[in-house]
Amino acid sequence: MNLEEKKQQVIEDFSMYDEWLDKYEYLIEQGKNLEPFPEESKTEDKLIKGCQSRVWLDCEKKDGKLFFKADSDAIITKGIISLLIDVYSGRTPQEIAEDDFAFLDQIGLKENLSPTRAGGLASMVETIKKKAAEAMAEPEAQPEAEAEVLTAADVKELAPLYENVVLALKQVYDPEIPVNIYDLGLIYEININKEHKVHIRMTFTAPNCPMADYVVNDVKTGVEDVPGITGCEIDLVFEPAWNTSMMTDEARVALNMDFDIEDNSQE
Amino acid sequence: MTIEQLRAQFPILEEKVYGRQLIYLDNAATSQRPLSVVEKWNQITLKSNANLHRAVHKLAADATAEYENARQAAADFIGAADAHSIVFTSGATAALNLVAFCLGEACIKPGDQIIVSEEEHHSNIVPWQLMAQRKGAVLKVLPVDDNGCLRVDMLDEMLSSGKVRLLSVAHISNVLGIVNPVEEIIAKCHSYGCAVMVDGAQGIVHQKVDVTAMDCDFYAFSGHKLYAAPGTGILYAKPEWLEAFPPYMGGGEMIETVRWSGTTFAKAPHKFEAGTQNISGVPTLVPAFGIATQMREQSIETESVKVKDYIYGALRGDTRIRMFGCPEKPQDKIPLFSFCVQGVHHEDLALILDKMGIAVRSGQMCAEPLMDRFGVTGMLRVSFAPYNTLEEAQQFITALDKAINMLR
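Each protein sequence line maps, in turn, to chains A and B. All residue numbers for the first sequence refer to the working numbering, where the first residue is 1 and numbers rise by one. All residue numbers for the second sequence refer to the working numbering, where the first residue is 1 and numbers rise by one.
Everything labelled a hint here was simulated from the structure, so no lab data went into it. From the three backbone atoms N, C-alpha and C, an ideal C-beta is built for every residue, glycine too. Careful, some of the hints might be misleading.
To be verified - Heads up, simulated DSSO-like pairs for lysine-lysine below, C-alpha to C-alpha not over 27 Å straight-line: (1) K355(B) x K32(A); (2) K49(A) x K47(B); (3) K6(A) x K65(A); (4) K16(B) x K7(A); (5) K110(A) x K402(B).
Unchecked claim - Incomplete in silico selection of chain B near chain A, CB under 10 Å: (6) I279; (7) D348; (8) L407.
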């Protein structure tokens, strides 16, 4: 059943009851269908804030879809979260993020709850939406780029290229820092494939580095000038964040830094 | 007066919710208002609304007279010898904050101690915590026993340090509904030179209070729990305290003269009533005291006791229910009952009862330390007023049973 059909079904189910007491009975029954939530998973970070009773929500991404698990110590709240899960579990993050949750108004749930409960419902919806947004922001787990199998001969052939790429990187400077970017520790990863294309993962000392474009351009042209290299791709990342412990000892000497210096770049 | 006549004074009791007859059992949170209170509010607002004490015109004179008349009525209602010992505040919370602040400024030194009890409302905990932090004082806690009774037997030991400057205690806890032995506590504290503040938010509603006989140093209560307009509150303080206290808030009407070189202050109680007073609210205390007095008539009282005995018996006889606040003598219990139902969440119960037209309270009742004391996340509370009938009580018990069965 797609999302729209599912929502329609809930609306129809709800409309079968005139009395709110009966609707509560329906919700209570819903709550009983929830799959058990392990006691040890009922941790502080899974608690939904803003509910008077306690509600735990857990989310898992599988095959591009989100699957929710939840529990509550109050049985009507449990029914409500179970209803939400019934509708939204197994949907893509996109579907959830784009949904307006208006069916909750259509079944009149919000205005028939006490203000504290209504606030709780709003927090539940908020949390589900947040989970969807987070899932969308996560980079899709890259299907390992057909993991190239390198033979011993390949490695032997590529080794000098690595050395030359590093030499090229040691020629690149951030104009504001008298140490080359390689010794500064800005280069996180260098990969060269069989076609001799280079893939570099690198960072900057700070995300808002004003010279970023300039430096990235220098890296690209510098590496592509290395004899035998056919191209260079650069991924700029800020995770993990750079800190002074990533510098080589040479860089520390050049910057007159004390060897025992505490890493204070995080502060 | 019959209970029907009394109910006729409270039109809201005839309201329907979700198509069902309302049964209002959350009186400890706030009571309902009688017609006389609404009429007083209307009269002031429509006929004599003006700012107090300042202007010479007729409306101002009328409004001031109504306001000061309420002060005398309050003094009479609680047996205070002098109306000047009555300070109007916005409620019991404001009164407690006023005393905590002023006492702190006037005479608390680092290492001094303040005692509050374990059953206090947050409003009688937090102001003292704030003051203790500011002044380097220490807050001590008088525990309650498993039945919810204060451990008065521990007082001597706690007071014997000689460092306790004040003890603040509820006359009646808003969760346990037990009348505390305040006279005994006060006598004991005074013998150690320790002052006593009584939080009367619930006490004033259910007990005849005589502050002179009680000999408390401070007594605080809210108007809205006693049928008056919300935003009204009373602090009674012995005159020597008001004399010794510095001003709490600065502003209009609490001054004598203001110069750049400094300000002199009005005498108590005006010294503590900065800013425009609750012009239309405070005079409603007069009819509110009136109806509260009528509710103590024998005919109404008898009915109230019947309601209380019935509910107390029904709840205690139900093995699914764990009741909090069971004093040795039943006459020490007011018709306020907090309880948990085994295997059922208090909030679920409140929600179902609401849909049955019954207003009850669920949660922590602004007394988290007491919830911790009994190891619960919350309770369900029903609190009756004299206008609640035995029939309503019976309907509640039936509805509660139905709700429990729905949820178990």
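message: Need the status of pair K49(A), K47(B): alpha-carbon distance at most 27 Å?
response: violated, 48 Å
- prompt: Quick one, is the I279(B) hint okay against chain A at 10 Å, beta carbons?
  reply: violated, 30 Å
message: K110(A) and K402(B) were given as a pair; does the straight-line alpha-carbon distance stay at or below 27 Å?
response: holds, 24 Å
27 Å Cα cutoff - pair K355(B), K32(A): holds, 21 Å
Satisfaction of the L407(B) interface hint, Cβ to chain A closer than 10 Å: Interface hint status for L407(B): holds (6 Å vs cutoff 10 Å).
- request: For the hint on D348(B), just tell me whether its beta-carbon gets within less than 10 Å of chain A.
  value: Hint on D348(B): holds, closest Cβ of chain A at ~5 Å, below 10 Å.
task: Below or equal to 27 Å on CA atoms is what counts here, so check K6(A) against K65(A).
output: holds, 16 Å
message: Need the status of pair K16(B), K7(A): alpha-carbon distance at most 27 Å?
response: violated, 33 Å
Going through the hint list in order, the structure does not satisfy hints 2, 4 and 6.
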